[in-house]
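Each protein sequence line maps, in turn, to chains A and B.
Going letter by letter, the first sequence gives residues 1 to 111 in my numbering.
Going letter by letter, the second sequence gives residues 112 to 224 in my numbering.
No wet-lab data here; the hints were simulated from the structure.
Incorrect hints may have been included.
As the list claims (entries may be wrong) - Simulated crosslink set (EDC-like; lysine to aspartate or glutamate; CA at most 20 Å straight-line):
1) A:K42 <-> A:D27
2) A:K67 <-> A:D27
3) A:K45 <-> B:D173
4) A:K45 <-> B:E212
5) A:K3 <-> B:D206
6) A:K56 <-> B:E212
Read off the chains here:
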Amino acid sequence: QQKVQQSPESLIVPEGGMASLNCTSSDRNVDYFWWYRQHSGKSPKMLMSIFSNGEKEEGRFTVHLNKASLHTSLHIRDSQPSDSALYLCAASIDMGYKLTFGTGTSLLVDP
Amino acid sequence: EAAVTQSPRNKVTVTGGNVTLSCRQTNSHNYMYWYRQDTGHGLRLIHYSYGAGNLQIGDVPDGYKATRTTQEDFFLLLELASPSQTSLYFCASSDLGVYAEQFFGPGTRLTVL
């Protein structure tokens, strides 16, 4: 059973700062990564996904993927208090129906 | 956006009790999933299904049964609940296409005393 490791466990950044979150899978068959965001007391919602080497940008959010090392990272620039949440990384094999989630990074943006 | 609802939202039962958690999705998604979320463990997949009558085993299935009665409805059954099953349970659904996004319901908080 594959493992998905996330770091750091928690992170505090000042408002307007850059947050960087990391995620690595132990399974060489992983073919897709997702990032989900979960605000306190709410359900997870998909933020971004990536399957090819390189980076993908959507507004203030950028995701990087290095398939050789099975490492993905999420970067949030100009962080806002509303970005404070639990960020969950998920990886899939076999066309993405079955996801394995990491334990998450708890981000606090300090106003 | 997909609509996934869960009931009940909160449930308290005793050790050895029977519990059924319900999930309904109204966007005709083929796939439905049951997860549990615990501090320090993240989200863990219990069971999932790709259509009515189908059931696939997830990563932490022990102590749980599931049944998909229709395209819309997926149930999680705890027949002899134990305190270790105290958790936050999420249902999710996704479309048939590969790498489809999963949409989560609001969650059910279950406490087993």
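Hints versus structure:
1. A:K42 <-> A:D27: violated, 29 Å
2. A:K67 <-> A:D27: With Cα atoms ~11 Å apart, K67 of chain A and D27 of chain A stay inside 20 Å; holds.
3. A:K45 <-> B:D173: violated, 27 Å
4. A:K45 <-> B:E212: Holds, at roughly 9 Å.
5. A:K3 <-> B:D206: violated, 25 Å
6. A:K56 <-> B:E212: holds, 17 Å
Of the numbered hints listed earlier, those contradicted by the structure are 1, 3, 5.
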